[in-house]
Amino acid sequence: MENKEIITKVNYFLIDEFELEEDQLIPTASLKETLEIDSLDYVDLVVIIEKTFGFKVKGEDFVGIKTLQDFYDYIINRAQAN
Amino acid sequence: MNRVVITGMGIYSTIGKNIEEVNNSLYTGKSGIGFEQIRKDLGFRSGLTGIIERPSLKGKLKRRQRIGMAEEGEYAYVATLEALKQAKIEDDFLDKTDVGILYGNDSSARSVVESYDILKEKKDTSLVGSGAIFQSMNSTITMNLSTIFRLKGINLTVSAACASGSHSIGIGYYLIRSGLQDVIICGGGQEINYHSMGSFDGLNAFSVREDQPQKASRPFDRDRDGLVPSGGAATVILESYESAIKRGAKIIAEVIGYGFSSNGDHISVPNVVGPAKSLEMALKDAQLNASQIDYINAHATATPVGDLNEAQAISKVFGPKTPYVSSTKSTTGHEMWMGGASEIIYSILMMQNSYVAPNINFENPDEYSAKLNIAAETIKNHNIDIFLSNSFGFGGTNSSLIVKKIK
Chain E
1 MENKEIITKV
11 NYFLIDEFEL
21 EEDQLIPTAS
31 LKETLEIDSL
41 DYVDLVVIIE
51 KTFGFKVKGE
61 DFVGIKTLQD
71 FYDYIINRAQ
81 AN
Chain L
1 MNRVVITGMG
11 IYSTIGKNIE
21 EVNNSLYTGK
31 SGIGFEQIRK
41 DLGFRSGLTG
51 IIERPSLKGK
61 LKRRQRIGMA
71 EEGEYAYVAT
81 LEALKQAKIE
91 DDFLDKTDVG
101 ILYGNDSSAR
111 SVVESYDILK
121 EKKDTSLVGS
131 GAIFQSMNST
141 ITMNLSTIFR
151 LKGINLTVSA
161 ACASGSHSIG
171 IGYYLIRSGL
181 QDVIICGGGQ
191 EINYHSMGSF
201 DGLNAFSVRE
211 DQPQKASRPF
221 DRDRDGLVPS
231 GGAATVILES
241 YESAIKRGAK
251 IIAEVIGYGF
261 SSNGDHISVP
271 NVVGPAKSLE
281 MALKDAQLNA
291 SQIDYINAHA
301 TATPVGDLNE
311 AQAISKVFGP
321 KTPYVSSTKS
331 TTGHEMWMGG
341 ASEIIYSILM
351 MQNSYVAPNI
361 NFENPDEYSA
371 KLNIAAETIK
381 NHNIDIFLSN
391 SFGFGGTNSS
401 LIVKKIK
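Just so you know, the protein sequences line up as chains E and L, in that order.
Residues 1 to 82 (our numbering) make up the first sequence, in order.
Residues 1 to 407 (our numbering) make up the second sequence, in order.
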């Protein structure tokens, strides 16, 4: 899967499932402060990542992910490793 | 002691999605019962059920507000919005006042079943998602509505089987009467999915008149063969008389009596003594004689034994001359955890509009229902100043409420 395709899929579920606006999806945006992803949302991110990309994420994997770009990078690395 | 009044009502039911629709259905005796094939496919003895459409709340509530809400919570949200609007209670009042919530609910099965299905397939709890736990608890309605409406008073779910909704109003009445609360959102909600009903179906308590769904719920009729499970949600805003006057709210009715009892007997088979005790306690609390009641909204679910015992209990308390009696479950089906609250609303609508809703499908009485003055058809132009509503549940929990017109 190409990186661009991965980012498109991530953006799709952030808009469709998490009801974020497309113009909010700036790579430097903070997941917590700007996109208001809270601790319960991370639980749902695990579910939707498994459904979308077929791999499981542990809650602690999110510790170092601060921005949307960090999130894209993490998904890209895991998807490629798979 | 404070007087306790009702200043708002809201409902989402199988016979209407708001007060106006429900009033029209009640008056005409329109049934909300249908047939669901999937129940038969799953081995249910009866495919009969109340039919209701889930409200679409996307765009009306934020994702986080919706995701933990089971279907009965959605019904309760819609009903509560309508009730708050009628009571003219807005955000500013909710922010400044310790408004409470007491809501009847006694199951939330679907989320439990669906979560277990995920575990069986995925073997990983992290893939269940964040909403399931909040959907699965009996307190799902109160936990969600108290968050959405930012409530700061009492926050409690009342689980008392098919008397849950009635007890929620009764306990709210006590809290306001004693001065502990000024305004409480009371009500009852009931899920209507097949996930929750399989075990109940297995007790052979449901009607199997599947070829005539709208004829299936026949409370007090000689040929009744069981109840029809149903659901939805009903909300009343209970308020102290002083608070209502101070706010300039329109007072709909006054709660003047609450009676309760426990049979201390069989887990599912009702008796006569327990319900009669509840009725008598409510009359005593209201300082009324039985002859002063203008209408009884019976619990009667259309089970052979339940209706028989309630008919005897009513006769025991009211003697040979009873007021009009009807069971609105003939049209709605058995709304269970919701029923005690919805039936207060149904009865208030009759009181406001001077009619008695028909106990449809009452074609032939049995030995005991023959002694009651059952409204088989709509009784038009009938003044109701005071009514009594009964609710009884598994475990022998009984609740009776008496409500009076405000003149």
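Heads up, a few of these hints could be off.
Calculated lysine to aspartate or glutamate pairs in the EDC-like style (CA-CA distance at most 20 Å, straight line) [claimed, not checked]: (1) L:K404 with L:E210; (2) E:K4 with E:D41; (3) E:K51 with L:E210; (4) L:K123 with E:D44; (5) L:K62 with E:E33; (6) L:K58 with E:D70; (7) E:K32 with E:E2; (8) L:K62 with E:E50; (9) L:K60 with E:E50; (10) L:K284 with L:E242; (11) L:K62 with E:E19; (12) L:K60 with E:E17; (13) L:K60 with E:E21; (14) E:K56 with L:D91; (15) L:K88 with L:E36; (16) L:K62 with E:D70; (17) E:K56 with L:E121; (18) E:K51 with E:D41; (19) L:K62 with E:D41; (20) L:K404 with L:E242; (21) E:K58 with E:E2; (22) L:K30 with L:E210; (23) L:K120 with E:D38; (24) L:K250 with L:D91.
Cβ pair distances, simulated, as ranges [claimed, not checked]: (25) L:T147 with E:D23: 22 to 30 Å; (26) E:T28 with L:R63: 21 to 29 Å; (27) E:E36 with L:K407: 48 to 56 Å; (28) L:D98 with E:K56: 24 to 32 Å; (29) L:G202 with E:E50: 31 to 39 Å; (30) E:E21 with L:E20: 30 to 38 Å; (31) E:E60 with L:L42: 38 to 46 Å; (32) E:E60 with L:Y241: 36 to 44 Å; (33) E:E22 with L:L42: 24 to 32 Å; (34) L:N353 with E:D23: 35 to 43 Å; (35) L:L119 with E:L40: 51 to 59 Å; (36) E:D23 with L:L42: 58 to 66 Å.
Derived by calculation from the structure, the hints in this document are not laboratory data.
Idealized CB from N, CA, C, for every residue including glycine.
- Unsatisfied constraints (hint numbers, rising): 1, 2, 3, 6, 7, 8, 9, 10, 14, 15, 16, 21, 23, 28, 32, 33, 34, 35 and 36
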